[in-house]
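There are 2 protein chains.
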Amino acid sequence: MNEIQMWENYQQVIAAYNLAFATLSYDDETIAPRDGSSYRNEKIAVLKGEYLSFITSDEIIACIQSLLSKPQSMVEQRKLQLTLKEINQLKAVSKEEYITYVECCRNSSEAWKKAKENNDYSIFKPHLKEVIEQTKHLVSLRNDGLLPYDSLLADYEEGSSMEFYDKFFEKIKTHIVPLVKKLREKNIQYPSLEGVYPIEQQKMIMEKIASYLQFNPSWGYLSQSVHPFSSGFSKNDTRITVRYDESDVTSAIFALIHEIGHATVEHQIGDEYEGSIIHRSITSGIHESQSRFYENYLGKNKSFWKNNYPYLQNMFSNQLNDISLDDFMKAINQVKHQSIRLEADELTYPLHILIRYECEKGLFNGTISIDELEDTFNRLIKEYLGIEVTNPNEGILQDIHWSEGEFGYFPAYALGSSYGAQLLVSMKKEIVVEQALENNQMEVIHEWLKNHIHHDGALYLPLEIIEKACKEPFNVSYYIDYLIDKYSSSLLSE
Amino acid sequence: MNEIQMWENYQQVIAAYNLAFATLSYDDETIAPRDGSSYRNEKIAVLKGEYLSFITSDEIIACIQSLLSKPQSMVEQRKLQLTLKEINQLKAVSKEEYITYVECCRNSSEAWKKAKENNDYSIFKPHLKEVIEQTKHLVSLRNDGLLPYDSLLADYEEGSSMEFYDKFFEKIKTHIVPLVKKLREKNIQYPSLEGVYPIEQQKMIMEKIASYLQFNPSWGYLSQSVHPFSSGFSKNDTRITVRYDESDVTSAIFALIHEIGHATVEHQIGDEYEGSIIHRSITSGIHESQSRFYENYLGKNKSFWKNNYPYLQNMFSNQLNDISLDDFMKAINQVKHQSIRLEADELTYPLHILIRYECEKGLFNGTISIDELEDTFNRLIKEYLGIEVTNPNEGILQDIHWSEGEFGYFPAYALGSSYGAQLLVSMKKEIVVEQALENNQMEVIHEWLKNHIHHDGALYLPLEIIEKACKEPFNVSYYIDYLIDKYSSSLLSE
Chain D
34 MNEIQMWENY QQVIAAYNLA FATLSYDDET IAPRDGSSYR NEKIAVLKGE YLSFITSDEI
94 IACIQSLLSK PQSMVEQRKL QLTLKEINQL KAVSKEEYIT YVECCRNSSE AWKKAKENND
154 YSIFKPHLKE VIEQTKHLVS LRNDGLLPYD SLLADYEEGS SMEFYDKFFE KIKTHIVPLV
214 KKLREKNIQY PSLEGVYPIE QQKMIMEKIA SYLQFNPSWG YLSQSVHPFS SGFSKNDTRI
274 TVRYDESDVT SAIFALIHEI GHATVEHQIG DEYEGSIIHR SITSGIHESQ SRFYENYLGK
334 NKSFWKNNYP YLQNMFSNQL NDISLDDFMK AINQVKHQSI RLEADELTYP LHILIRYECE
394 KGLFNGTISI DELEDTFNRL IKEYLGIEVT NPNEGILQDI HWSEGEFGYF PAYALGSSYG
454 AQLLVSMKKE IVVEQALENN QMEVIHEWLK NHIHHDGALY LPLEIIEKAC KEPFNVSYYI
514 DYLIDKYSSS LLSE
Chain R
34 MNEIQMWENY QQVIAAYNLA FATLSYDDET IAPRDGSSYR NEKIAVLKGE YLSFITSDEI
94 IACIQSLLSK PQSMVEQRKL QLTLKEINQL KAVSKEEYIT YVECCRNSSE AWKKAKENND
154 YSIFKPHLKE VIEQTKHLVS LRNDGLLPYD SLLADYEEGS SMEFYDKFFE KIKTHIVPLV
214 KKLREKNIQY PSLEGVYPIE QQKMIMEKIA SYLQFNPSWG YLSQSVHPFS SGFSKNDTRI
274 TVRYDESDVT SAIFALIHEI GHATVEHQIG DEYEGSIIHR SITSGIHESQ SRFYENYLGK
334 NKSFWKNNYP YLQNMFSNQL NDISLDDFMK AINQVKHQSI RLEADELTYP LHILIRYECE
394 KGLFNGTISI DELEDTFNRL IKEYLGIEVT NPNEGILQDI HWSEGEFGYF PAYALGSSYG
454 AQLLVSMKKE IVVEQALENN QMEVIHEWLK NHIHHDGALY LPLEIIEKAC KEPFNVSYYI
514 DYLIDKYSSS LLSE
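Each protein sequence line maps, in turn, to chains D and R. Read left to right, the first sequence gives residues 34 to 527 (this note's numbering). Read left to right, the second sequence gives residues 34 to 527 (this note's numbering).
Treat the hints as calculated values from the structure; they're not laboratory data. Be aware that a few hints might be false.
Chain copies aren't distinguished; within one or between two, either way the pair holds.
[Unchecked claim] Here are the simulated DSS-like pairs of lysine-lysine, each with C-alpha atoms no more than 27 Å apart in a straight line:
1) Lys219 x Lys204
2) Lys241 x Lys118
3) Lys149 x Lys204
4) Lys268 x Lys147
5) Lys519 x Lys147
6) Lys200 x Lys169
7) Lys169 x Lys462
8) Lys363 x Lys415
9) Lys204 x Lys369
Since this is a predicted model, take the numbers as computed values, not measurements.
Isolated chain D, as found in the complex (with noise of 0.2 Å):
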């Protein structure tokens, strides 16, 4: 065998490992039994030990350096170099420590569902200082040259850095605070929604907005978890979850249209990409940027809901027999000041981001003990957003993402929303978004995007992607331009 398809060899098993550690994820987070997950946690483990050593082999690391000496392809070169980088961060920790980590992180998951089912966040804490203090250590190992937490920030989003998030949430912060202050002053009050809206009615709703948003049962899967997310299994096999809650009946519609932004990012990959690392490697900013703008710039546009509100407004009519359609845009696009960064609205959004950013920044810095975080995160949510946080789960326990283990995603959040606002002027300029909404003609808007964003996963940086897709480089202004410009027509409308 020569070379090239050793290389080949390699990307299979690599591919179909990574395929493996997906369906065990996502059957975790979704209905395998509890009682199960000391012993899965276990196993999964010990099978991402296997991973670390086949991949960090010597043959492998061999094969690559070979290819890498060689001229190849624009193409072979990055999934060369994405792999070495891998590799190189996985050399790092022996498999031993690995095994640990990945244990920890696991058990921690474990423990945050269980705090969070008794809202006591006693419960969670000490799997969470492991995590930290292992996550501290495993970086630590890197030998990269950079400081810890811009190390957990380019994982995420590759080119990225404390540098490059100070400047972007400095701006955030400037514009955005005052603004949140403001309106928050003001108490405005929109129109209600209150009511009870059954689940099983719900659950046809997500069929009619799936549908709608071309996201097909022969390519994706609905399920619910506690935390709803996304996974990109292949191309055409995507899954996404939700989360029903009997007394909102938007919480799930919007989780769904961002978990259907992210499986379309994985569904219109180009052919020739799928189960490559320029498949798996999209960056976290890249896909928010996509899940966000489903969310937001598609789903809370008013064409959008010509064309969904009848029907939705048909299936509860006791419950929306009153909101009208403007009724109902109001109410979905209220500044809610409340402290729970899953149903806050996109104003005050990237300050829930900014909050997690700062206590990462500070525990990854030294600045903030584990001790001091549940006070620092309600301090900082009392300081931008002027809400007490009263109990855990409406403060500390409310995201997923630190009992994984998954320090310096966050940030992406807020950036993807930033490059969404961007893409979203470029993309008025060449289709005409309201009129493919109102029109049922999703295929033009997923068209758009998939030739500017998704087709070539990551074959470059995020920063080259909207830049190329953009005809010009990233500027934070067109969302904070976009933010002010949608949320501030409110302080003048009463």
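On the provided structure of chain D, position chain R as indicated by the hints.
Chain R only, in chain D's frame:
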């Protein structure tokens, strides 16, 4: 690391791979989007190839052989020997051949589903041919001195062979075929349960019966699939599926009871064996002895329904209003002269298996070609059951097993039923089964089965397990007597 620690580690990795395969397979059979199947099949095959490489490595073999050359506990020795047996079978095959075989079986199973949807054998036949040829080839490589079909039979039921099964089925044929014929000619009329039974309500019944059988969501999950099955991920993580038929109120119920039998075997394994080959190698005959025990010896017992029928009748009050418990018992115990194994009554069931046994035997002994298979299958159905098969879904396409390369499994269903009949006699000497069923005391029955069958998994050979539990050797007469006793009364009753 000494060799005992190494052996422990190897077993951990083997268990981890097996958990991944169980999860991938369960996912595929239940929820996985169809368009992703070729990617999944390819990657699962690749991962199975990695498993083969791992388990057949020189280091593992050397470690096992070294341990086997020293004194070991009986348990350890059994683990080592069973593992070595698995290794020897896999080692006979090259990794490439194995990957090709796995992928061939997975694609064949996909083709079977399509064929079934279209009631068209021609979609499946070329795949089946390929699976049979590849299975023959792989078995020929084993070099175990056995005839191909003997080797396959022993895969599913350790210690069994054509000689063993020929004798077994000869008794079945002698006693049961004429009885079925007599009953068919007598054309007894049974109370009819015909009607429409909405699936949502059937699902509520499932919950009730699962709870009655002490199948607990904390360690077991119930889902749906085309062909009901059970998969034990670990002691506290069992998965079962059923399929619903709106026109048949008991089809899903008996599938449920059957699969809970399987799940309970997994759940009641001794803690010390969890995840080990002692757990994983429980034979099909022993497994089916339990599932068929639950389905028939418990589930078709009047005491079972004294407890559960009022609930069923209440749930379907329109449909079952005029059906008394006695009528219901007659209906569920009727002899059904039809061609579908999964819907068969206890009496015709072993004949359905006999038909498959003769087909498999002929295929692997070379007396039946794949081109003759469908005709042979239908001819035997006519001969033993007196039924004309009029379309493939009611004939050759009805079962999933062959599509997955499972040749040699079917006989275990009949053998398991026979084990079960003997176990029932022994159990009744020690506990009052009817009383336990009537008084919601499934734990009494569980406990007996745990002590006599479940706890030790595959520590002993199947015939040893039965002999230990029954305090006498396996004897098919218990099964024949049970069937004759139960069903010849119908001959007298009119």
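Against the structure, the hints:
1. In this assembly of identical chains, the alpha carbons of Lys219 and Lys204 lie at most 27 Å apart only when taken from the same copy (23 Å versus 88 Å across copies).
2. Taking the closest pair of Cα atoms, Lys241 and Lys118 never come within 27 Å of each other, the shortest separation being 42 Å inside a single copy and 53 Å across copies.
3. In this homomeric assembly, Lys149 and Lys204 never come within 27 Å of each other (Cα to Cα): the closest approach is 33 Å inside a single copy and 60 Å across copies.
4. Proximity of Lys268 to Lys147 under the C-alpha cut-off of 27 Å is restricted to the inter-copy arrangement: shortest distance 21 Å between copies versus 34 Å within a copy.
5. Proximity of Lys519 to Lys147 under the C-alpha cut-off of 27 Å is found in neither arrangement, the shortest distances being 39 Å within a copy and 51 Å between copies.
6. With identical chains, the CA atoms of Lys200 and Lys169 are at most 27 Å apart within one copy only, with a shortest distance of 24 Å there and 67 Å across copies.
7. Within a single copy, Lys169 and Lys462 get their C-alpha atoms no closer than 45 Å, and across copies no closer than 63 Å, so neither meets the 27 Å cut-off.
8. For a Cα distance limit of 27 Å, the shortest separation of Lys363 from Lys415 inside one copy, 25 Å, qualifies, whereas the shortest one across copies, 70 Å, does not.
9. Only within a single protomer do Lys204 and Lys369 lie at most 27 Å apart by alpha-carbon distance; the minimum there is 21 Å, versus 76 Å between protomers.
Hints 2, 3, 5 and 7, counting from the list given before, are not met by this structure.
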